[in-house]
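The lines below spell out each chain.
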Amino acid sequence: MIAVHQLTKRYGRHTAVEDVSFHCEPGTVTGFLGPNGAGKSTTMRMICGLTPPTAGTATVDGRPYRQLPNPGRTVGVLLDASAQHAGRTGREALAVAAATMGVDRRLVGELLDRVGLGPTAARRRVRAYSLGMRQRLGLAHALLGDPRVLILDEPANGLDPEGIFWMRGLLRDFADRGGTVLLSSHLLREVEAVADRLVVIGGGRIVAQGGKDELLAGDGAVVRAREDAALRAALHRAGLTVSEGSEGLLVGADTEAVGQVALAAGVALTELRPAGGGLEQLFLTLTATAPDPVVPATTTVEPTGEVVR
Amino acid sequence: MTTVTTTPEAAPAHRRAEQRPSLARLTAVELRKLVDTRAGRWLLITIGLVSAVIVTLQLVYAPDDEQTFANFFTPSLVPVGFLLPVLGILSITSEWSQRTALTTFALVPRRERVIAAKLVAVVLAALASVLTSLAVAAVGTLVSSATGGAGSWQFDRMLLVHAAVFQVATALIGAGFGLLLLHSPLAIVVYLVLPIVWSVLGELVRPLHRVAGWLDTNLTMEPLFTAEVTAGQWRRLAVSLLVWLVVPLVAGLVRTLRREVT
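First to last, the sequence lines map onto chains A and B.
First residue of the first sequence: 1, per UniProt numbering; consecutive thereafter.
First residue of the second sequence: 1, per UniProt numbering; consecutive thereafter.
One should not assume that every hint holds.
[Claimed, not checked] With beta-carbon atoms standing in for the labels, derived distance ranges: (1) S130(A) / S22(B): 33 to 41 Å; (2) F82(B) / R124(A): 53 to 61 Å; (3) R124(A) / S97(B): 40 to 48 Å; (4) Q6(A) / V205(B): 39 to 47 Å; (5) R123(A) / D64(B): 29 to 37 Å.
[Unchecked claim] Example chain B residues on the side facing chain A (calculated, C-beta under 8 Å, incomplete): (6) L26; (7) T27; (8) L102; (9) F105; (10) A106; (11) V108; (12) E112; (13) R113.
Keep in mind that the hints were calculated from the coordinates and are not lab data.
Even for Gly, the Cβ is constructed at its ideal location relative to N, Cα and C.
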């Protein structure tokens, strides 16, 4: 499992990640969502001990990453598919990792098959790989140590629709067998299909987290009445949470409950509907205010140059 | 009848997962990384070829009586010593230029262990280059004695020791520059240009003349090409290596340990 506790990263005056906390339990897939530049990659690098946090802690399997004796056997990491030596063949890149972890060399061939890189592709140098092939190689790399935890940063980038479907199945299967998966994406649709839980980050802060169903259900209702005050009072008496929305009152209950309260109080409603698309709306707002323009998924690798602190 | 049952398959597998990779294993990995790319392989092949070319040229052009084992061996050290630092630099900086540091340090988060393994690998490569020089010199001597040259095998063992010190030192100086600058072209250029600048300054500026005797590695390493190095010469060598090898290595190590990997 992964436990992130109040992680914060500041670069000078710029705060990239602020007070981020969440847990990933065994048997679940957690989608880490946010527009580009929201702090997903920085958070994941901090979990993996590659970026020193300004404050806060993160543990994998109960220990800080840097204290794992042989991390590759505990947690499979894919932070950037392009972070492979362009001059090595795909097979050699995995063989080097296998040698480092002390994993049987025969696994290399098995994994290359499993991620759909055939013998011809495996013999080619990574330089000649498409982004999709690099992602597959990265996944093979992450799975090589037979880990219990997977941490994947934008693994669907560059994969074709079939590849994305395949990857979802692989991750679902990994979690169903008791594994823990944390995967990031800047596309809600991409993780919606596979994640059990969602952690949404924007501007370095967590803006929402919880079970996917409850977040996506957009629980709550929007209700309007001529006698606004009477409706509000009735809802309060019924013990429901009420807040002022731009299109009426936002109530923390479904439309049926709100309708019952209104009927009992004898208030005529002018409008009653589910709040709907809460997360989607939230996500769109985040994306619209994101500092960096959102690049279409097909072309991206997140900009990473040689950034010296 | 025993009541204790263990799962023999699961236990060792788990223990193995808990074991951190040994330094020997990491060194083997780093040696592998030196040769598993085209660039690395060609650099090593070039180092071998350079020795062979030097010996061949001597066979053709050197006077017969100078065609001895020792005379074949020593001249090949300089051009090889020119290339070994590049190997040292690239072994460190390619992790950053190719961005493999991300995967390397994710697998081995104790970065100092990776660096240690890299330094050992570079030292082994330097020692192997000395063996190559020896082998090529031996072939040269055999050819020479067959073609009427001196073909003398007389060889002071200290020459071999000094050659090893020379090659290991140059390779490690390169690694130090790589660690400190973490950027292939920059490290190579600085490594090649700095000593030249230093030599020129040492010649031009009077007060620097004496200092250069202690700090210019071109000068302090010269005695290593002979069989006899005096205590004073060792001292000068030690001081120059402290400045050009130890300081960059330590500073570079600190920088690499702290640097954010992206």
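Results of checking the hints against the structure:
Take S130(A) and S22(B): their Cβ atoms lie about 37 Å apart, and the range 33 to 41 Å holds. About 33 Å separates the C-beta atoms of F82(B) and R124(A), a value inconsistent with the hinted range of 53 to 61 Å. At about 21 Å, the beta-carbon gap between R124(A) and S97(B) misses the expected band of 40 to 48 Å. In this structure the supplied range 39 to 47 Å is violated for Q6(A) paired with V205(B), their Cβ-Cβ distance being about 56 Å.
Evaluation of the 29 to 37 Å hint for R123(A) and D64(B) yields a failure: the beta carbon distance comes to about 51 Å. Checking L26(B) against chain A by beta carbon gives a least distance of about 7 Å; that is within 8 Å, so the hint holds. Because the smallest distance between the Cβ of T27(B) and any Cβ of chain A comes to about 11 Å, over 8 Å, the interface hint for this residue is violated. A hinted interface residue such as L102(B) counts as satisfied when its beta carbon comes closer than 8 Å to some beta carbon of chain A; here the least separation is about 4 Å, so the hint holds.
The beta carbon of F105(B) comes within 6 Å of a beta carbon in chain A, closer than 8 Å, and the hint placing it at the interface holds. The restraint placing A106(B) at the interface with chain A holds, with a minimum CB-CB distance near 5 Å, inside the 8 Å limit. Because the beta carbon of V108(B) sits about 7 Å from the nearest beta carbon in chain A, less than 8 Å, this interface hint is met. Given the 8 Å rule on beta carbons, the hint for E112(B) is violated: about 11 Å separates it from the nearest Cβ of chain A.
For R113(B), the interface hint is violated, the least distance from its beta-carbon to any beta-carbon of chain A being 11 Å, above 8 Å.
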